[in-house]
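Below, each chain spelled out in residue letters.
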Amino acid sequence: MLKTRIIPCLDIIKNKVVKGVNFKNIKVMGNAVEMAKKYSSTGADELCMLDINASYQNRKTFIKTVEAIAKVVNIPLTVGGGISEINDITDLLNAGADKVSINSAAVKNPKLIRQASLKHGSQCIVVAIDAKRYEKQMKVVIKGGREITNKELVSWAKRVHQLGAGEILLTSMDTDGVQKGFDSAMLKKVTSNVNLPIIASGGVGSLEHFYLGYLTKSTGLLAASVFHSGRYTINTVKKFLDKKGVPVRL
Amino acid sequence: MKKKVIGLIDGQSGNIGSITKAIKDIISGRDYQLRIINGKFNPLNFNKIVLPGQGAYATLISNLKKFKIYDSLEQYLKNDSSYLGICVGMQILSDRGYEDKITKGLGIIKGDVKKFNNKKLIIPHMGWNSVQIKKEDLIVRKNFDRNDFYFVHSYTFQNTNKSDILATTYYGKNFPSIVKNGNIYGVQFHPEKSHKHGLNLIKNYILKS
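If you're matching them up, the sequences are chains A and B in order.
The numbering of the first sequence is the working numbering, which starts it at 1 and goes up by one.
The numbering of the second sequence is the working numbering, which starts it at 1001 and goes up by one.
Bear in mind the hints are in silico, worked out from the structure with no lab data behind them.
It is possible that part of the hints are untrue.
To be verified - Which bits of chain B does chain A cover? Going by a derived footprint, with three or more residues having C-beta under 8 angstroms, they are:
no., stretch
1, 1015-1027
2, 1050-1062
3, 1108-1116
4, 1125-1131
Note that beta-carbon positions come from the ideal geometry of N, C-alpha and C, so glycine has one too.
Model the full structure from these sequences, guided by the hints.
Right, dumping it as structure tokens:
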């Protein structure tokens, strides 16, 4: 039986894992390579790492960090942040990423999804969608939630599926960082309309939240703070889910 | 003693970093060497060949032909030499693939590779899933039974001979997840991404088969 994936997410500047809301109050949580290694060896099903400050001078260090992490983990590695063209994707895959996550660039240039999936295969193209409620609709947002686009969430999700995305990483800007649980209503809206693996992201704060995330039919559950702060180990989460009857890899 | 040579085919469709690293770790300090194959090669120069395929069936076959690897590989497999195909590297052992268009495969393992046809399933089949061992073997040990491996694929082997199936996996139906004919193996999952059980499988393949 297919297992629900538990995915720690590392927000990275150069080679450090950081925590911060919208680039404010950034706090260093630890060394990226060490944290990735720890998560891989303690039961993470995948790792996600995002370059949250993808300026030109930081990029080289970030790519080196991707290379260093790829060398110490033997689970799938998804890398995102700062992708604007096909060469960025090729560079990250060459650095050892198994999948790349495209966000704003996909909104600005949807053809990039098709181009990337044709070149590298759908299996490695994750489209990250940030969304929030606006004027009674769920809208796609970019720039970390600061810019609302005219795209409606479900139709955009269907479109990225058609364009060749292999997976969607869905973050609700309404629940992100609040630790009051995933946005179940938003997730269900997408999982019931799009036949792609969906990774739930944004808002997890308790063990029960992981279970509620599973009930949305998301096949991956992503979390950052609860793992980085040491509140839960991956094993604690999985044992909790296992007791609830959720298929997990123990 | 002459070193045994492991060839790793670079089909130019995805990164071969993980599998390269896994093999290097296993052979470090032993009488093996790893050589990357990216063109025509002499089949007699290799003891084992690994093909970590990603992307589409038709693309992999056309890349292998474009880089002149295909004919050498066909020659190599004709002698029942040792081979491990991963994901699409497994699928191209079939008679035909139905991804994008119908493509003739290597015809080593009887069957066709077709898309999961259950509309209720989330496609691709992506994530960790368990294998049920049907037949024990030098590389596929009984203790792999019910362990999880990492899968990413939308197409599976169909109409395979039961005798060629070492393990199956359930996703809407049971499909062959490890196949074997003679010394030629194929695994649908990615052992290089499957943590310790996956690395054990690669280790068994290299050191025990």
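Hints, one by one, checked against the model:
Residue count for the stretch 1015-1027 of chain B with a Cβ under 8 angstroms from a Cβ of chain A: 5. That meets the three needed, and the coverage hint holds. Counting residues of the stretch 1050-1062 of chain B whose C-beta sits closer than 8 angstroms to any C-beta of chain A gives 4, which meets the bar of three, so the coverage hint holds. Here the stretch 1108-1116 of chain B counts 0 residues with a CB under 8 angstroms from a CB of chain A, which misses the bar of 3, and the coverage is violated. Remark: the stretch 1125-1131 of chain B is confirmed as covered by chain A, as 6 of its residues place a Cβ nearer than 8 angstroms to a Cβ of that chain, reaching the required three.
Violated hint: 3 only; the structure is consistent with all others.
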